[in-house]
Amino acid sequence: MKPTLLVLAAGLGSRFGELKQLEGIGPNGEIIMDYSISDALKAGFGKVVLIVQEQMIPILTERYIVNQKLPVEFVVQKKELTIDNVFYVNQKPWGTAHALWCAKESINENFLLINADDFYGQNSYALAFAHLSQSQNPCAILYPILKTLSENGTVNRAEVQIENGLLIDSIEREKLILENDVILYPNKEGQMIAVKKDTFVSMNMWGFTTAIFDYLDKDISNFITKWQANNGIEYQLPSIVASMIKEKIYTVEVIITDEEWIGITYQSDKELAKVKLQKLHNKGIYNNLVWKN
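In terms of this note's numbering, the sequence shown is residues 4 to 296.
Worth flagging that the hints you see were computed from the coordinates, not collected in a lab. Hints may be right or wrong, so weigh each one.
Said to hold, decoys possible - The calculated SDA-like cross-link candidates involving lysine to any residue, where the alpha carbons are at most 20 Å apart (straight line), are:
1) K150 / L292
2) K277 / L292
3) K279 / E263
Please put together the full structure from these sequences, using the hints given.
Structural data, given as structure tokens:
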């Protein structure tokens with residue numbers, strides 16, 4: 004079976020101020036998901052599963068299914084959760100690991116997980132497809148940290164440790180910022196810690212097998228116990244991957260991409276993203292998205 008593309012598109016976009024997943028930033032009003040879906044289908048992926056808020060389904064159905072006849076399915080990430088017949092509700096989405104867990108009934112094959120609001124570049128999808136088509140090991144598509152920072156504020160990134168081509172650990176670094184040519188983040192005590200410029204980070208581009216769903220089924224109860232003690236925490240995917248590596252459930256191979264990442268964390272990121280995408284169109288890379296050829 005061909006690998007599937009799974010897109011996390013249910014975020015609230017709180018720092019951006021609106022649903023940035025639907026923000027037209029390409030020269031012809033393209034949203035970032037247009038490029039991601041086009042690049043994935045061109046690389047050979049068989050179908051696309053979008054994890055969304057319910058209000059987004061009519062818009063995206065019109066865009067991808069009615070107009071383009073694409074192999075797209077929808078999964079809704081809700082704020083309600085039932086574990087062992089007990090009902091829980093949160094004020095916001097539960098996090099990226101919960102979003103993935105919501106898609107477990109829609110995926111039966113190897114799959115590539117991405118963020119809806121991140122542009123990863125064509126070669127990243129080609130590399131991921133080649134790996135997922137030939138290997139039963141998951142993979143992490145990694146970027147140099149300097150290519151992933153915003154000029155307009157702090158960002159969260161998953162810093163990784165690599166050994167012999169394998170991912171050893173993944174640690175979420177929050178509020179990373181580039182100041183005076185130094186990359187910094189605050190630790191729990193509020194002290195600013197420097198990060199090496201040659202550090203690689205995950206931009207949530209993961210190649211997974213379905214073994215991760217079995218793990219999430221067992222682990223999500225542990226998260227709920229922690230969440231009851233602190234309603235502010237989220238169920239985050241990098242922590243899950245790190246735990247699966249530590250427990251020797253997953254051997255995650257590392258793939259370094261030379262593509263330029265483009266993202267829009269803040270409203271002020273939008274103009275630079277538009278300029279970068281326009282340059283790609285000018286080069287002829289995106290004269291036509293794959294389903295319009």
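Okay, the hints, checked on the actual structure:
| no. | hint | verdict |
| --- | --- | --- |
| 1 | K150 / L292 | violated (24 Å) |
| 2 | K277 / L292 | holds (16 Å) |
| 3 | K279 / E263 | holds (9 Å) |
In terms of the numbered hints stated before, the structure departs from hint 1 and from no other.
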